[in-house]
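Undergrad: Taken in sequence, the protein lines are chains A and B. So for the first sequence, this note's numbering puts the first residue at 3; every next one is plus one. So for the second sequence, this note's numbering puts the first residue at 51; every next one is plus one.
It cannot be assumed that every hint is accurate.
[To be verified] Covered stretches of chain B (chain A as the covering partner; in silico rule of three or more C-beta atoms under 8 Å from a C-beta of chain A):
# : region
1 : 74–82
2 : 109–116
3 : 131–144
4 : 156–169
[As the list claims (entries may be wrong)] Here are some chain B residues pointing at chain A (derived, C-beta under 10 Å):
#  : residue
5  : 63
6  : 71
7  : 87
8  : 91
9  : 94
10 : 122
11 : 126
12 : 149
13 : 173
The hints are simulated quantities; they were obtained by calculation from the structure and are not laboratory data. The structure presented is a predicted model; accordingly, all values stated were derived computationally and were not measured. For glycine and all other residues, C-beta sits at the position ideal for the given N, C-alpha and C.
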Amino acid sequence: MATENRPLSPHLGIYRWQITMTMSIVHRATGIWLSLGALALVYWLIAAALGPDAYATAQLLFGSWIGQMLLWVWVFCLFYHLCNGVRHLFWDAGLGFEIKTLYVSGYTVWVIATALTILAIVLAYASGGGP
Amino acid sequence: MSFRNPLGRARGLGSANEGTGHWMAQRISAVALIPLTLWFTVSMLHMTRAGYPAVSHWLHTPWVAVLLVLLVGSTFYHACLGLQVVIEDYVHDTWLKMSMLMLIRFAGILCAATGIFVVLRAAFGG
Chain A
3 MATENRPLSP HLGIYRWQIT MTMSIVHRAT GIWLSLGALA LVYWLIAAAL
53 GPDAYATAQL LFGSWIGQML LWVWVFCLFY HLCNGVRHLF WDAGLGFEIK
103 TLYVSGYTVW VIATALTILA IVLAYASGGG P
Chain B
51 MSFRNPLGRA RGLGSANEGT GHWMAQRISA VALIPLTLWF TVSMLHMTRA
101 GYPAVSHWLH TPWVAVLLVL LVGSTFYHAC LGLQVVIEDY VHDTWLKMSM
151 LMLIRFAGIL CAATGIFVVL RAAFGG
C-alpha cells in the first residue's frame, strides 16, 4: 500500500503561536537536558564514592563559573519539568482542559519554576557557597 | 464504530503492542520523582559548603543511600522512557531509530547500574 501520498494533517506552520505549544516543546527540551544532568549526578556520586581527591576535583568543576551556570540551568529545568509534569498529571486525571485554565496553569508553571529557582539560588549563596 | 480488529481490542494492546504500559510507567516514575528530586535538591542546597567528610557522612546514612538508589533508578528509567518517545517522534528511519532506542536503553541502564553501585560503595565503604 502506498503511504507517500496520503494527506497530512496541518503542521506547526499553520497555527498562530500559543504559549501552550511553547510549553510543550520546552517540556521536552528540559527533559532532554535533564537527562544530561543525570549524567552529572552520576559523576558527582562517583567522585564522592572515590574519595577526597576525586571529590575535590568535582567540587572544583561544579564550583567554576561554567559549572555553576550549568547547575542553575539544570535547577531551573528540573523545577520547570516538575511543575509542568504536575500540570500534565492533572490533564491525565481529566482536569484543567478549559482554555482559560490551560493558560492560567501554564503561566503558573513559569512563575513557580522561576520563583523556586531564585529561592534555591538565594538559599545556596546565603549559606556562603554555590551549589 | 471502531477500526480496531476484534483480537486487538480483546488484547487491548493497540498498534504499539503494549497498550498503556509505557504511558503508565512514565506517569508512575514521574510521581515517584516528585518527592525524590525535591528531597535531593534541598539536600544539595544544605551541603553547598560541605566538605568531603560531611558528604561522606551523609552518604553513609542508610536512608540517604536508599533514597539515592531510588533517585538514580527512577531518574534513568523516566529519562529512558521520555527519550524513547522523542526518538520515536522525530527519527523515522527504522534502522537509525532502532539503533538509537537500543543505545538509549543500554546507556540508561549502564548509568543507573553505575550510579547505584557507587552509592552502595559509598554507603558500605570505609
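Undergrad: For the region 74–82 of chain B, count the residues whose Cβ lies under 8 Å from any Cβ of chain A; is that count three or more?
TA: Held - the region 74–82 of chain B has 3 residues with a Cβ nearer than 8 Å to chain A, which meets the minimum of three.
Undergrad: Quick one, is the residue 122 of chain B hint okay against chain A at 10 Å, beta carbons?
TA: holds, 7 Å
Undergrad: Against chain A, is residue 126 of chain B within 10 Å by beta-carbon distance?
TA: holds, 6 Å
Undergrad: Under a C-beta cut-off of less than 8 Å, do 3 or more residues of the region 109–116 of chain B approach chain A closely enough to confirm the stated coverage?
TA: violated (count 1)
Undergrad: For the restraint on residue 149 of chain B, tell me whether the closest CB of chain A is nearer than 10 Å.
TA: With a closest approach of 18 Å, the residue 149 of chain B hint is violated.
Undergrad: Taking the closest Cβ pair, is residue 71 of chain B under 10 Å from chain A?
TA: violated, 15 Å
Undergrad: Residue 173 of chain B was flagged as interface toward chain A. Is the shortest Cβ-Cβ separation under 10 Å?
TA: holds, 9 Å
Undergrad: Would you settle whether the hint for residue 87 of chain B is holds or violated, based on the nearest Cβ-Cβ distance to chain A being less than 10 Å?
TA: holds, 6 Å
Undergrad: A closest beta-carbon separation below 10 Å is what the hint needs, so does residue 63 of chain B meet it against chain A?
TA: violated, 20 Å
Undergrad: With 10 Å as the cut and Cβ atoms as the points, is residue 91 of chain B at the interface with chain A?
TA: holds, 7 Å
Undergrad: Using C-beta distances, would you say chain A covers the region 156–169 of chain B, given that this needs three or more residues below 8 Å?
TA: Per the Cβ count (5), the hint holds.
Undergrad: Hint check: is the beta carbon of residue 94 of chain B less than 10 Å from a beta carbon of chain A?
TA: Given a least distance of 6 Å, the restraint on residue 94 of chain B holds.
Checked against the numbered hints listed earlier, the structure breaks hints 2, 5, 6, 12; every other hint is satisfied.
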